[in-house]
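K.L.:
Chains as they are written, first to last, in the numbering used here: chain A, 1 to 385; chain B, 1001 to 1469.
It should be emphasised that the hints constitute simulated quantities derived from the structure, not laboratory data. The beta-carbon is built from N, C-alpha and C at its ideal position, and this holds for glycine as well. Careful: at least some of the hints might be erroneous.
Sample of chain B residues facing chain A (criterion: CB under 10 Å; computed from the structure) [stated by the list, open to error]:
| id | residue |
| --- | --- |
| 1 | P1051 |
| 2 | R1055 |
| 3 | G1107 |
| 4 | L1111 |
| 5 | G1426 |
| 6 | V1456 |
| 7 | P1465 |
Some, not all, of what chain A presents toward chain B, calculated at C-beta under 10 Å [what the hints assert, rightly or not]:
| id | residue |
| --- | --- |
| 8 | L78 |
| 9 | P80 |
| 10 | E81 |
| 11 | Q148 |
| 12 | A153 |
| 13 | A154 |
| 14 | R158 |
| 15 | V226 |
| 16 | I271 |
| 17 | L303 |
| 18 | S304 |
| 19 | G305 |
Just the calculated beta-carbon pair ranges, DEER-fashion [stated by the list, open to error]:
| id | chain 1 | residue 1 | chain 2 | residue 2 | range |
| --- | --- | --- | --- | --- | --- |
| 20 | B | D1313 | A | G134 | 50 to 60 Å |
| 21 | A | E287 | B | R1170 | 47 to 57 Å |
| 22 | B | G1272 | A | A132 | 15 to 25 Å |
| 23 | B | G1297 | A | G167 | 23 to 33 Å |
| 24 | B | R1170 | A | P232 | 37 to 47 Å |
| 25 | A | A132 | B | R1170 | 47 to 57 Å |
| 26 | B | G1025 | A | D281 | 30 to 40 Å |
| 27 | A | E76 | B | T1109 | 48 to 58 Å |
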Amino acid sequence: MSDVPDAVIVGAGVVGAACAYYASRAGLTVTVVDRGSVAAGTTGAGEGNLLVSDKEAGPELDLALLSTRLWRELAETLPPEIEYERKGGLVVAPDGAALTALRDFARGQAAAGVETHEIPADRLGDLEPHLAPGLAGGFLYPQDAQVQPAMAAAQLLRAARADVRLGQEVTGVLTDRRGAVRGVRTPRGDLHAPAVVNATGTWGAALAELAGVKLPVRPRRGFVLVTEPLPPGLVRHKVYAADYIADVASGSADLQSSAVVEGTPAGTVLIGATRERVGFDRTLSTEALRRLAAQATALFPVLSGVRAIRAYHGFRPYLPDHLPAIGADPRVPGLYHACGHEGAGIGLAPATGLLVAAALRGERPPLDTGPLRPDRFDDTEGDAW
Amino acid sequence: MTADLAVVGAGPAGLAAAATAARLGLRVTLLDAAERPGGQIHRHPAGGPVPRAARRLTRRLPYAPGGRAGTSAPGRAGAPRASAASRDRDRVTYLPGHHVWTVARDGDTWLLHAVAGVDEEPAVVRARAVLLATGAHERQLPFPGWTLPGVVGAGGAQAMLKGGLALPGRRVVVAGSGPLLLAVATTLAAAGARVPALVEAADYTAYARHAAALARNPAKLVQGALHGGALLGRGTRLLTRHAVTAAHGTARVEAVTVTGLDADWRPVPGTGRRIPCDALAVGHGLVPQLELATGLGCATRRTPDGTPALEVDAGQRTSVPGVWAAGETCGVGGAELAETEGEIAALSVTGRTSAALARRRARLRAFADAMAAAHRPGPGWTDWLDGTTEVCRCEEVTAATIREAVDGLGARDARSVKLLTRAGMGWCQGRVCGPAVARLAGHDPAPDRRPLSCPVPLSQLAQPPGAER
Chain A
1 MSDVPDAVIV GAGVVGAACA YYASRAGLTV TVVDRGSVAA GTTGAGEGNL LVSDKEAGPE
61 LDLALLSTRL WRELAETLPP EIEYERKGGL VVAPDGAALT ALRDFARGQA AAGVETHEIP
121 ADRLGDLEPH LAPGLAGGFL YPQDAQVQPA MAAAQLLRAA RADVRLGQEV TGVLTDRRGA
181 VRGVRTPRGD LHAPAVVNAT GTWGAALAEL AGVKLPVRPR RGFVLVTEPL PPGLVRHKVY
241 AADYIADVAS GSADLQSSAV VEGTPAGTVL IGATRERVGF DRTLSTEALR RLAAQATALF
301 PVLSGVRAIR AYHGFRPYLP DHLPAIGADP RVPGLYHACG HEGAGIGLAP ATGLLVAAAL
361 RGERPPLDTG PLRPDRFDDT EGDAW
Chain B
1001 MTADLAVVGA GPAGLAAAAT AARLGLRVTL LDAAERPGGQ IHRHPAGGPV PRAARRLTRR
1061 LPYAPGGRAG TSAPGRAGAP RASAASRDRD RVTYLPGHHV WTVARDGDTW LLHAVAGVDE
1121 EPAVVRARAV LLATGAHERQ LPFPGWTLPG VVGAGGAQAM LKGGLALPGR RVVVAGSGPL
1181 LLAVATTLAA AGARVPALVE AADYTAYARH AAALARNPAK LVQGALHGGA LLGRGTRLLT
1241 RHAVTAAHGT ARVEAVTVTG LDADWRPVPG TGRRIPCDAL AVGHGLVPQL ELATGLGCAT
1301 RRTPDGTPAL EVDAGQRTSV PGVWAAGETC GVGGAELAET EGEIAALSVT GRTSAALARR
1361 RARLRAFADA MAAAHRPGPG WTDWLDGTTE VCRCEEVTAA TIREAVDGLG ARDARSVKLL
1421 TRAGMGWCQG RVCGPAVARL AGHDPAPDRR PLSCPVPLSQ LAQPPGAER
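For reference, chain A alone in the conformation it holds in the complex (with noise of 0.2 Å):
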């Protein structure tokens, strides 16, 4: 039949939206169906960041840099709207201590590819006029970059010219006799395809168990501030301080912070983002945001007059060991995973977008997916949260 599709993507973030493209791209048609708007989970909540700098050498850092390059491709290719800017990122060390451990950590990723340009404290002033004096010094990643994270998803997902299914929820996957995937069940009927791609992001535990297999993608909460519009250059890279890498590749429950502070198109300035493993709890957390804006205000002293007009929260997809599940299931045949990137879902997206197509296609992934199998984790792994 004509009108089935080569594959079902279940997700309208960024990342089902990649998947989307670069499947279509292959030459397979793809039915994309979410529950709500497109963007309308974590990447809506997302800053944007796409970045090599907080990432040691590894799978994780291999994803970030072939997605580095796809997204200069799809700068070209997309709207101007998607707001894609190769900013740099500046990671600054307060103290010599954290210095030499960011030099560490800077070698390694140098190695990996990532260029990487130390900048001594007397120069810090050069990229960032208004950063807090006595840092010991820091590193310029040219390659981190920011792009409009809802628009991109938006704008990857109409070049992708695929069938979308906004407003649906899929509430079950079809399999057939042999416990091969044949689709996915919806209330408005069922949508039949060979393969479904798992791209439901943070709800990722929740469309896998559908299928009948376990995969631990867990909320870890996240808050960010806007402020007020500002004259714009007063922020002018990606900046954030040393021990923000220490948090993100902590494991722990608790409530982590370490500002990254950016300035945006608009004006505003972001300041992200705590992580604390707290389920989905949507309150308001006083001290999440009272640490960003101690940690914003102690880099740039400058925005401590200035007004906060928004917060927000996100549910990152987490996986214990922080690296994504992407491509098939070995356990249910047609069953494809591209989901638990944590906070990285934006930059990581279009690598995992070229993956998904080539794992769709049954031909060699570009990278070693090795890491990233679905079926990693042990059955107990994620019961304790």
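Let chain A serve as the given structure and place chain B on it in line with the hints.
P.N.:
The following block gives chain B in isolation, referenced to the frame of chain A:
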């Protein structure tokens, strides 16, 4: 010090609640964003006397002699006489100029975080119970030309006059929907403006369907409405089922186009006419201000005019234990209902009930629901927008951009429109454009979520937890 009850909002509901709670022996802290008590309805100029209608409500506030509000601590401002009123005053700490930006649970008490005064100082109040009486703000439905100077909110025009400011113009068209328009037109006329037309999008005969509720509420306002605006001066034409569908002018408004509407508020082609004016006061009713409540997770209901309001039980309890609500936050219904609910809430905090108050509330609420149903904006109003009409003024987002996000980019609600267009991301955080954006996305508005209910200096957010009032 931990207050027995923190009341947010010093309009009719909050004032009635604070006074009642103090009379019942509770130590009350009353926080209000404005400098003067009374809320929007009893707005009055700084330094001037409290309006008579509000005096009954403010009597039990700690006041310095001469009727000026004091930012007093308990006991400081009250006279030493042991009268009931002064004893009650001693139990109320009144904090004007305090804009509460969030309410947070802390163990079995609540912390209310506020931005205080023109210097935006931090203030924190701890309380065992919280009553939200945060009122409502005006609903604006955009139309071509609505951003011209001389176009003001109907409620805003009223407030300007009450606040002792000048008339918005000499020849003022009043337009929109809702009972407030009659009051605005008469106030403007009394202040010396010419009001050539009162343009009401609903049909007052719609009230007839709710005859029972109206019969029990023989308020002057309703009589006026039913008699085709008998309250209005002879120089004012009442045009029901009409809307201002465009404002014209270059430097400021010079004329408006008034067009007939069908039952869905869709402009009827060929019915437009121009009315010269130098100002337009326009508003489409009020919408409850809910962000503190939604931040706490309080459940909402949809009122008959399609707007979310707080769900409360017979004792004005919200779905969150320890949090009460009264007044317009529970559904717009006017000052008398707000006062009644404030009293009921205060009684309920102390475990009391009043059958008489419950009856009055039921009567007034039925009336409010009838009014809300009659003035519910019809979905067809979006037809009077042209593509270039700015729907979000803060971020200058046009109707065409929003429609493109909905039709072409997969936005299905106001939040996703915001993410894709920035509509609602500016200074007002969607308070003005929210209902309009939701309708352009094809829905009634969802309950507002604004974790910060007002701008907060970062230096204040950064302060360690500590001193409380």
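K.L.:
Against this structure, judge whether each hint is valid.
P.N.:
Results for each hint:
1. P1051: 32 Å, violated
2. R1055: 35 Å, violated
3. G1107: Interface hint status for G1107/B: violated (14 Å vs cutoff 10 Å).
4. L1111: 8 Å, holds
5. G1426: At about 8 Å, which falls below the 10 Å cut-off, the nearest Cβ of chain A leaves the hint on G1426/B intact, so it holds.
6. V1456: For V1456/B, the interface hint holds, since the closest Cβ of chain A sits about 5 Å away, which is under 10 Å.
7. P1465: 7 Å, holds
8. L78: The hint is violated - L78/A has no Cβ within 10 Å of chain B, the shortest such distance being about 12 Å.
9. P80: 14 Å, violated
10. E81: 9 Å, holds
11. Q148: Constraint on Q148/A satisfied, holds at 9 Å.
12. A153: 8 Å, holds
13. A154: 4 Å, holds
14. R158: 7 Å, holds
15. V226: With Cβ-Cβ at 8 Å, under 10 Å, it holds.
16. I271: 8 Å, holds
17. L303: Holds, because the Cβ-Cβ distance from L303/A to chain B comes to roughly 5 Å (cut-off 10 Å).
18. S304: 4 Å, holds
19. G305: Result: holds, 7 Å to nearest chain B Cβ.
20. D1313/B / G134/A: 50 to 60 Å: Holds, since D1313/B and G134/A (Cβ atoms, about 56 Å apart) stay within the stated range.
21. E287/A / R1170/B: 47 to 57 Å: Roughly 54 Å apart at Cβ, these two residues keep to the hinted range, so it holds.
22. G1272/B / A132/A: 15 to 25 Å: The hint (15 to 25 Å, Cβ to Cβ) is violated, given that G1272/B and A132/A are roughly 60 Å apart.
23. G1297/B / G167/A: 23 to 33 Å: 24 Å, holds
24. R1170/B / P232/A: 37 to 47 Å: The hinted range 37 to 47 Å holds for R1170/B and P232/A, with Cβ atoms some 42 Å apart.
25. A132/A / R1170/B: 47 to 57 Å: 55 Å, holds
26. G1025/B / D281/A: 30 to 40 Å: Cβ of G1025/B to Cβ of D281/A: about 36 Å, so the range 30 to 40 Å holds.
27. E76/A / T1109/B: 48 to 58 Å: Since E76/A and T1109/B have Cβ atoms about 56 Å apart, the given range 48 to 58 Å holds.
Hint violations for this structure: numbers 1, 2, 3, 8, 9 and 22, all remaining hints satisfied.
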